[in-house]
Amino acid sequence: MKKTKSRAKQMLLASTLAVVSWSGAVQAEDAPGMFRSEFLQGNMGWPEVTAKARAEGTVNFYYWGGSDIINLWIDQVATPALAAEGVTLNPVRITSTKDTVDVVIAELAAGRGEEEGSVDLVWVNGENFFSLKQQNALWGAFADRLPNSVNFEWDESDPRSLLNLRDFGVETGLQEMPWSGEQYVCSVNRAHVPVDQTPATFAQLKAYLEANPGKFTYVKPPHYLGNTFVQSVLYAHNPDGTGAAPYQKSFEELGGAELARLMEPGMEYLKSLEPLLLGGANGSPRYPENSDELDNLFLNSEVHFDCKFGVFANHNGLITGTYPEQAEEMIFPVGNMIKNKNYLTVPLNSPHPAAALVAINYFSSVGAQASKLQAAGMPVGLDLWRLNDEDAAEIAAAAPPHYGVTQQELDANIAPDTNASLVDVIEATWLAVIERKEDKPLADIVAQVSGELNN
Amino acid sequence: MIGTASKLRDIKAINPWQRLLVLAMAVFTIAPFAPLIIQSLAFRWAWPNILPTVWWFEQRQRSPFPLAWDYVFSPSSRVVEATINTLGIGITVTLLCLVICLPAARVLGQRTFRGKNQLEFLIALPLLLPEAAIGIALLMIFIALDLAGTYVGVIIVHLIPTIPYMARTLTSVYQGHGTDAEDHARVLGANRRQIFFRVTLPMILPGVIAGCLFTFLVSTNLFLLTFFIGQGHIVTLPTLLFAKISGGALDATGAGIALIASVPGVILLIFTDRFIRNYPLAE
Chain F
1 MKKTKSRAKQ
11 MLLASTLAVV
21 SWSGAVQAED
31 APGMFRSEFL
41 QGNMGWPEVT
51 AKARAEGTVN
61 FYYWGGSDII
71 NLWIDQVATP
81 ALAAEGVTLN
91 PVRITSTKDT
101 VDVVIAELAA
111 GRGEEEGSVD
121 LVWVNGENFF
131 SLKQQNALWG
141 AFADRLPNSV
151 NFEWDESDPR
161 SLLNLRDFGV
171 ETGLQEMPWS
181 GEQYVCSVNR
191 AHVPVDQTPA
201 TFAQLKAYLE
211 ANPGKFTYVK
221 PPHYLGNTFV
231 QSVLYAHNPD
241 GTGAAPYQKS
251 FEELGGAELA
261 RLMEPGMEYL
271 KSLEPLLLGG
281 ANGSPRYPEN
291 SDELDNLFLN
301 SEVHFDCKFG
311 VFANHNGLIT
321 GTYPEQAEEM
331 IFPVGNMIKN
341 KNYLTVPLNS
351 PHPAAALVAI
361 NYFSSVGAQA
371 SKLQAAGMPV
381 GLDLWRLNDE
391 DAAEIAAAAP
401 PHYGVTQQEL
411 DANIAPDTNA
421 SLVDVIEATW
431 LAVIERKEDK
441 PLADIVAQVS
451 GELNN
Chain Z
1 MIGTASKLRD
11 IKAINPWQRL
21 LVLAMAVFTI
31 APFAPLIIQS
41 LAFRWAWPNI
51 LPTVWWFEQR
61 QRSPFPLAWD
71 YVFSPSSRVV
81 EATINTLGIG
91 ITVTLLCLVI
101 CLPAARVLGQ
111 RTFRGKNQLE
121 FLIALPLLLP
131 EAAIGIALLM
141 IFIALDLAGT
151 YVGVIIVHLI
161 PTIPYMARTL
171 TSVYQGHGTD
181 AEDHARVLGA
191 NRRQIFFRVT
201 LPMILPGVIA
211 GCLFTFLVST
221 NLFLLTFFIG
231 QGHIVTLPTL
241 LFAKISGGAL
251 DATGAGIALI
261 ASVPGVILLI
271 FTDRFIRNYP
281 LAE
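In the order they appear, the protein sequences are chains F and Z. Start counting the first sequence at 1; every next residue gets the next number (full-length UniProt numbering). Start counting the second sequence at 1; every next residue gets the next number (full-length UniProt numbering).
Worth flagging that the hints you see were computed from the coordinates, not collected in a lab. Just so you know, not all the hints are guaranteed correct.
What the hints assert, rightly or not - One side of the interface only, derived from the structure: several residues of chain Z facing chain F at Cβ under 10 Å:
hint, residue
1, Pro64
2, Ala252
3, Arg277
To be verified - Label pairs and their in silico Cβ distance ranges:
hint, chain 1, residue 1, chain 2, residue 2, range
4, Z, Ala34, F, Asp99, 29 to 39 Å
5, F, Trp46, Z, Trp47, 51 to 61 Å
6, F, Ala412, Z, Trp47, 30 to 40 Å
7, Z, Pro16, F, Asn282, 57 to 67 Å
8, Z, Ala34, F, Glu252, 56 to 66 Å
9, F, Leu384, Z, Val266, 36 to 46 Å
10, Z, Glu58, F, Met34, 53 to 63 Å
11, F, Asn282, Z, Thr53, 43 to 53 Å
12, F, Asp102, Z, Phe113, 43 to 53 Å
13, F, Glu289, Z, Pro75, 24 to 34 Å
14, F, Ala141, Z, Ala34, 34 to 44 Å
15, F, Asn282, Z, Lys116, 51 to 61 Å
16, F, Asp102, Z, Trp47, 32 to 42 Å
17, F, Gly335, Z, Trp47, 44 to 54 Å
A virtual CB, placed ideally from N, CA and C, is assigned to each residue, including glycine.
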């Protein structure tokens with residue numbers, strides 16, 4: 001009753017206001033969830049999916065819209081390509097993926113179930129995927145069932161499948177499709193730092209900063225860029241010398257005491273780095289809130305280095321004018337340049353699930369991945385060894401240039417991401433030790449923050 | 001106020017101190033626009049350079065994609081869609097707000113009744129609540145009502161912070177006029193419709209215009225409520241701008257969008273200022 005009344009009110013207002021593009025039309029041909037269960041059980045061929053996608057018509061794609069070059073690629077390449085398949089891509093640009101996750105969860109809480117939501121497709125990874133998974137807000141295990149799934153390694157016995165099957169250590173359960181593979185890469189401003197002074201290890205970074213105080217900072221945790229920097233410090237300072245290996249375990253497997261023991265030297269290093277960071281000489285080091293702020297410090301020569309996720313961040317920074325003219329990439333920290341993937345997923349209450357699958361299939365194609373690489377500087381998410389020579393050559397030809405380093409050097413220094421259950425504990429520990437300057441044994445802090453997180 | 005404005009036009013009639021103050025006001029008003037305009041034309045502008053080291057038009061030929069104003073005016077920037085949405089929502093909100101507030105303000109301005117002061121306070125209350133608190137609470141309700149992500153929802157939510165402004169302005173306008181002229185008209189045989197359109201409205205028109213101007217400006221600058229209720233579906237100039245400046249740094253396209261976002265307000269201010277100054281019934 002209430003619903004029809006509000007709908008009538010909407011129609012009335014909408015028509016009087018002559019507002020055109022809004023439409024509350026809901027498809028109601030078949031029972032919600034039918035398509036989902038049929039597809040996931042394997043009872044549906046791809047032609048049936050594409051036919052249903054054309055009937056659905058639209059796909060609402062929520063993605064971080066802060067990059068002009070990504071926006072341009074979506075509008076100029078992806079939208080027309082999907083239109084050719086009979087699906088209208090409706091790109092919804094967002095500032096924070098968490099907001100969209102919140103919308104999905106709020107909708108489900110408000111009783112908007114299967115096919116009744118508003119989000120069809122989200123660009124996601126890490127904690128945001130973890131939240132959706134925890135809330136049972138994901139559509140299902142589709143990732144190995146699309147025609148272009150052949151471009152990815154799904155065989156668990158092959159260790160190279162890890163990045164497709166685990167997102168920050170969380171099992172993806174095939175509920176998200178890799179879109180792009182990124183690496184944590186630092187750039188250096190050659191106007192200030194000659195090649196022979198470029199640090200390759202954390203000890204060398206500290207030595208450089210002792211000679212040039214204040215010329216480095218990193219994005220503040222809990223931003224994922226800050227977390228990633230802290231993780232690479234922890235890997236490099238692992239007292240057992242096993243690097244990233246123990247950080248692949250979950251918090252339950254590892255235990256708080258063991259985690260504290262592993263973290264101790266890394267946290268000591270971060271503490272000793274504080275006075276050498278930007279503004280650290282006055283006792284208040286400045287940690288930028290996000291990568292744009294750090295880019296600006298880098299552009300203005302306030303810092304000499306800029307670390308963030310982006311295999312082609314240096315190239316993108318140069319062509320958009322956000323990096324200084326003499327910016328070059330560097331291999332730092334040697335052997336611990338964290339690599340991960342980001343993904344596309346479908347929420348449980350996606351109103352156009354078939355169209356979402358068709359869109360994901362398009363985004364996973366060699367052609368789309370190559371043009372995204374070339375135009376938007378986003379590395380491919382597919383696995384090159386799965387491609388035939390011709391396709392692999394197409395991808396290779398599309399790659400933007402590197403500056404000062406080679407792709408082989410970047411590939412030789414890869415480290416995996418930290419387990420998502422540890423990420424929360426590590427970020428809370430950083431906040432306690434570095435930001436609040438709590439002067440307690442690290443084991444106590446880890447025990448305290450992990451206790452708080454579990455409640 | 002209109003009196004002072006006309007005096008200020010003759011700058012020689014005021015003493016040097018006042019002249020200095022006028023200059024300071026002008027600097028404060030215009031100065032923020034200067035770096036914005038330069039930034040919108042820059043490709044690379046780093047500290048400590050006073051001007052960009054590379055301008056947009058120098059880089060233009062070399063760039064593989066549209067830069068700065070080229071991007072702002074390309075369909076990908078969504079500036080056109082955002083401008084249409086902003087203006088459409090702003091105008092609709094202003095008109096609805098006027099329809100709601102005119103009768104209310106008349107009662108508040110010309111009648112006395114018990115609880116009137118409390119009622120006036122209640123009307124101002126939404127201005128005291130943080131936008132974020134209203135937004136999150138309403139989002140849940142609007143989702144349940146099917147209003148989230150719709151123009152109707154956004155328009156309704158824009159009424160919340162605008163009604164207090166409009167109601168206040170119109171109340172003081174009615175207070176200032178009394179009911180004498182309307183009483184005369186009634187005695188002379190005018191009906192209610194005639195009284196409103198021939199007597200009341202012309203009298204209060206400058207106040208109505210001022211109220212509308214404020215409502216429109218508030219509506220066209222609302223970010224948080226638009227973002228929450230519009231769910232990103234409804235792009236307005238403030239939501240577009242926020243996505244560009246959330247990094248604390250404004251790039252050339254962000255600066256361009258900011259300049260475009262300020263255009264409707266500037267045009268409207270000039271227009272209404274002229275209108276009110278030349279209005280025959282203005283004191």
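Here is what the structure says about each hint:
no.: 1; hint: Pro64; verdict: 7 Å, holds
no.: 2; hint: Ala252; verdict: 7 Å, holds
no.: 3; hint: Arg277; verdict: 32 Å, violated
no.: 4; hint: Ala34/Z / Asp99/F: 29 to 39 Å; verdict: 34 Å, holds
no.: 5; hint: Trp46/F / Trp47/Z: 51 to 61 Å; verdict: 55 Å, holds
no.: 6; hint: Ala412/F / Trp47/Z: 30 to 40 Å; verdict: 36 Å, holds
no.: 7; hint: Pro16/Z / Asn282/F: 57 to 67 Å; verdict: 42 Å, violated
no.: 8; hint: Ala34/Z / Glu252/F: 56 to 66 Å; verdict: 58 Å, holds
no.: 9; hint: Leu384/F / Val266/Z: 36 to 46 Å; verdict: 53 Å, violated
no.: 10; hint: Glu58/Z / Met34/F: 53 to 63 Å; verdict: 58 Å, holds
no.: 11; hint: Asn282/F / Thr53/Z: 43 to 53 Å; verdict: 29 Å, violated
no.: 12; hint: Asp102/F / Phe113/Z: 43 to 53 Å; verdict: 44 Å, holds
no.: 13; hint: Glu289/F / Pro75/Z: 24 to 34 Å; verdict: 31 Å, holds
no.: 14; hint: Ala141/F / Ala34/Z: 34 to 44 Å; verdict: 56 Å, violated
no.: 15; hint: Asn282/F / Lys116/Z: 51 to 61 Å; verdict: 56 Å, holds
no.: 16; hint: Asp102/F / Trp47/Z: 32 to 42 Å; verdict: 37 Å, holds
no.: 17; hint: Gly335/F / Trp47/Z: 44 to 54 Å; verdict: 35 Å, violated
The structure is inconsistent with the numbered hints 3, 7, 9, 11, 14, 17, although it conforms to all the rest.
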